[in-house]
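Use the sequences and the hints to build the structure in full.
Chains as they are written, first to last, in my numbering: chain A, 1 to 438; chain B, 1 to 438.
For the record, the hints were derived by calculation from the structure and aren't laboratory data.
Don't take each hint at face value.
Put simply, identical chains are the same to the list, so a pair is met inside one copy or across any two.
[As the list claims (entries may be wrong)] Result set (SDA-like, lysine to any residue): computed pairs, CA atoms no more than 25 angstroms apart in a straight line: (1) Lys-354 <-> Gly-28; (2) Lys-331 <-> Gly-122; (3) Lys-366 <-> Gln-183; (4) Lys-354 <-> Asp-432; (5) Lys-331 <-> Ala-120; (6) Lys-354 <-> Gly-80; (7) Lys-331 <-> Arg-4; (8) Lys-354 <-> Ala-421.
The lines below spell out each chain.
Number of protein chains: 2
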Amino acid sequence: MSTRIGIGLLGLGTVGAGVASILQTPEGRHPLIADLDLVRIAVRDRNRTRPIALDESILTTSPEAVVDDPAVDVVVEVMGGIEPARTLIMRAIAAGKSVVTANKSVIARHGEEIAAAAAAAGVYVLIEAAVGGGIPIIEPLKQSLGSNRIQRVSGIINGTTNYILSRMAEEGADYNAVLRDAQDLGYAEADPAADVEGLDAADKIAILSGLAFGGPIDRNGIYTAGISTLQSRDVDYATQLGYGVKLLAVAESMEPDPSHPTSLPLAVSVQPTLVPNDHPLAGVNGVNNAILVEGDPIGRVMFYGPGAGSGPTASAVVADILNIAGIRQLKPADGNLDPLLAASSWRACHLANKEQTSQRNYVRFKTENAPGVIGRIGSCFGDHNVSIQSIVQLEASDAGAEIVVITHVVGNGQMSAALKAIHAIEGVLSLDAHLGCL
Amino acid sequence: MSTRIGIGLLGLGTVGAGVASILQTPEGRHPLIADLDLVRIAVRDRNRTRPIALDESILTTSPEAVVDDPAVDVVVEVMGGIEPARTLIMRAIAAGKSVVTANKSVIARHGEEIAAAAAAAGVYVLIEAAVGGGIPIIEPLKQSLGSNRIQRVSGIINGTTNYILSRMAEEGADYNAVLRDAQDLGYAEADPAADVEGLDAADKIAILSGLAFGGPIDRNGIYTAGISTLQSRDVDYATQLGYGVKLLAVAESMEPDPSHPTSLPLAVSVQPTLVPNDHPLAGVNGVNNAILVEGDPIGRVMFYGPGAGSGPTASAVVADILNIAGIRQLKPADGNLDPLLAASSWRACHLANKEQTSQRNYVRFKTENAPGVIGRIGSCFGDHNVSIQSIVQLEASDAGAEIVVITHVVGNGQMSAALKAIHAIEGVLSLDAHLGCL
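This is how it looks when you write it as structure tokens:
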């Protein structure tokens with residue numbers, strides 16, 4: 001028994017063309033794909049040449065016409081951007097249609113509103129392609145790890161910055177030089193801000209956090225530091241000390257706050273972070289992504305693969321369509337949803353105050369090349385209860401010295417206070433780098 | 001709206017106790033867990049002390065009583081072994097009950113019979129815990145990768161052998177010494193054959209192959225070589241050449257055979273294999289497992305984590321229970337199954353003849369320490385169209401020399417013929433090792 005399912009596509013860019021290509025070539029893929037009919041596609045310009053052959057009659061420049069088409073059962077939104085994507089998704093839900101989207105910006109900002117509308121309408125909004133490109137991570141979080149108390153989700157979830165950081169480490173190259181090269185090669189956008197400032201990774205960790213911990217957080221409150229001010233010397237020093245530098249996104253559960261016992265506090269951040277060479281994330285290079293999930297009783301699992309690109313992202317989009325197609329075979333009479341696939345919130349969560357969270361730190365000071373400075377810095381950290389793992393003078397000349405400190409896990413409040421005090425020490429010229437460290 | 005679901009457990013060993021422990025402590029896990037009632041448990045000995053507190057009245061020594069109990073909706077088989085596990089699974093299916101099992105031996109050998117019975121009865125048999133311990137791999141293959149044409153599934157799927165190989169590499173230690181130590185530490189069984197001879201890995205790759213390619217293969221026809229005859233010098237030589245040695249299980253699709261066009265030929269094997277240091281599987285050490293899936297259009301994704309142990313395996317078992325509980329919320333009227341979750345076969349597959357498959361090879365010869373032997377070996381490979389990547393003399397003394405050859409990808413038939421011919425060359429004393437190579 002099979003049911004044909006009409007697919008309406010909003011957008012025929014890289015990902016949209018990848019989706020159409022899979023649907024046009026079902027041989028050798030899961031047989032359910034042959035039940036999917038691509039019935040309508042919204043494009044910006046009907047006359048553009050396309051990388052795939054398509055029946056021109058299904059193209060329209062009106063995305064509303066796709067959403068409203070009675071032959072469209074599932075709306076696939078791969079146009080990107082906040083609007084009109086958000087409005088079109090809401091319109092599809094209101095029409096009782098399930099939605100598949102790769103749009104992390106919309107989900108990170110309007111996920112609550114969209115999820116509530118979908119639950120009320122009895123439809124699914126599936127988002128596997130929004131995080132990690134082709135890597136199955138949304139579905140495992142929803143359907144394979146629910147028996148765990150998740151402690152931490154961390155990962156390399158932006159391919160552009162990982163490509164830049166990998167080349168900086170391999171070649172000892174400067175950030176700006178590698179960025180220009182990445183732009184020429186199409187790995188970075190002309191306006192790279194969303195990637196290099198960590199905003200894309202913040203969208204994605206907001207989504208992962210919501211699924212891992214069962215409740216949404218305020219996307220705009222996530223501590224976010226990018227790589228645009230990262231200096232190649234810090235990448236070099238990290239290498240010398242046995243680390244790689246990655247733009248790491250982390251969401252971690254904290255002890256409940258007694259004054260706020262019904263909501264789970266989470267420490268969520270995006271920042272350049274030193275990763276020890278023997279850590280599973282250290283070997284993730286180039287445009288690859290990887291997400292590490294830690295929980296009880298599973299321990300630590302990692303999901304690794306291509307974090308972007310037409311094919312991988314389309315693979316994830318079609319996986320979501322297949323899941324909706326699979327569930328439809330059950331023909332539930334009353335609009336009930338599978339609670340795992342629907343993944344509605346089940347717990348209140350909130351962002352902890354950054355000063356109350358903790359981490360290991362890498363800091364680099366410029367100092368005068370004079371005896372006693374290292375000792376004074378070390379003492380000052382001690383006075384503020386900041387426990388140090390190593391303090392190393394890495395370069396020294398008449399112009400001054402560079403001192404790199406790696407701390408143990410310390411409260412960010414203590415760390416800020418210590419850094420402020422160190423700034424006032426005689427012989428300390430400047431704090432030139434402050435990164436996270438695993 | 002929620003539906004309470006009665007769980008019957010067959011077995012209360014390491015995994016069973018882990019499952020019970022999760023069900024007893026639902027706080028902080030997916031809320032659906034609170035809807036699961038552990039109503040009956042079959043144990044071998046009622047009087048044994050247990051690591052967890054349990055209502056003694058739900059224990060029974062009769063597994064049939066658990067399966068037949070009308071309060072049991074889902075039967076969880078974690079007793080292991082072929083019988084009576086197979087019969088009990090079939091009995092549960094006949095009673096219209098879905099089954100969750102961690103039993104790779106039963107599924108690898110009787111999967112077809114069990115799947116057919118489950119489809120006929122309209123119930124699920126879920127097996128996430130059968131491969132890769134806690135790593136979500138069964139569910140991603142079924143529900144997240146269906147849009148792909150899978151080309152290859154390969155992985156490190158036996159924790160015991162990976163532990164032994166990791167220690168051999170780190171310590172330069174001998175196989176037998178590390179095995180004894182692993183037995184003392186509980187990482188290897190008193191009778192280690194199932195692990196060290198590759199039989200456990202062959203069970204698991206048979207299961208992964210069936211899901212990845214859509215059809216079952218003959219478990220008993222899988223080419224299987226274990227690590228019990230692996231010599232530490234080959235691990236050392238591999239290290240010198242930039243490789244690690246892993247017990248690798250591989251299932252790979254081949255070009256359809258024109259004489260057999262309706263069935264997909266697969267090359268499936270388990271053997272010690274050299275993995276280049278920059279390959280994602282190279283960093284998988286100790287009792288960890290990892291599975292690499294390659295397909296079009298996704299490229300390459302990897303799933304990594306703890307391959308065994310009470311907690312991780314229980315995490316996978318309870319994930320399967322949750323999936324059944326989630327689907328039950330839909331109350332399908334007519335016993336239809338979600339085809340992705342049910343994962344019935346959709347294509348005929350068969351094992352290709354080993355002589356017709358190809359691979360890279362690592363071989364080590366003992367030869368006389370005489371000039372010209374390397375040249376004669378190289379020429380002989382060339383005469384048999386075996387293309388060589390490197391040929392190195394690694395040790396030489398009056399007693400003889402050791403020559404290590406790494407080939408490019410060559411047909412196993414050609415390779416066998418070349419090795420036979422080399423055996424007859426003057427100065428070649430013996431072929432002492434023959435491993436795969438990525």
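We went through each hint and held it up to the structure:
no., hint, in the structure
1, Lys-354 <-> Gly-28, "between (50 angstroms within a copy, 23 angstroms between copies)"
2, Lys-331 <-> Gly-122, "both (13 angstroms within a copy, 14 angstroms between copies)"
3, Lys-366 <-> Gln-183, "neither (32 angstroms within a copy, 53 angstroms between copies)"
4, Lys-354 <-> Asp-432, "within (21 angstroms within a copy, 60 angstroms between copies)"
5, Lys-331 <-> Ala-120, "both (18 angstroms within a copy, 18 angstroms between copies)"
6, Lys-354 <-> Gly-80, "neither (31 angstroms within a copy, 48 angstroms between copies)"
7, Lys-331 <-> Arg-4, "both (13 angstroms within a copy, 22 angstroms between copies)"
8, Lys-354 <-> Ala-421, "within (19 angstroms within a copy, 70 angstroms between copies)"
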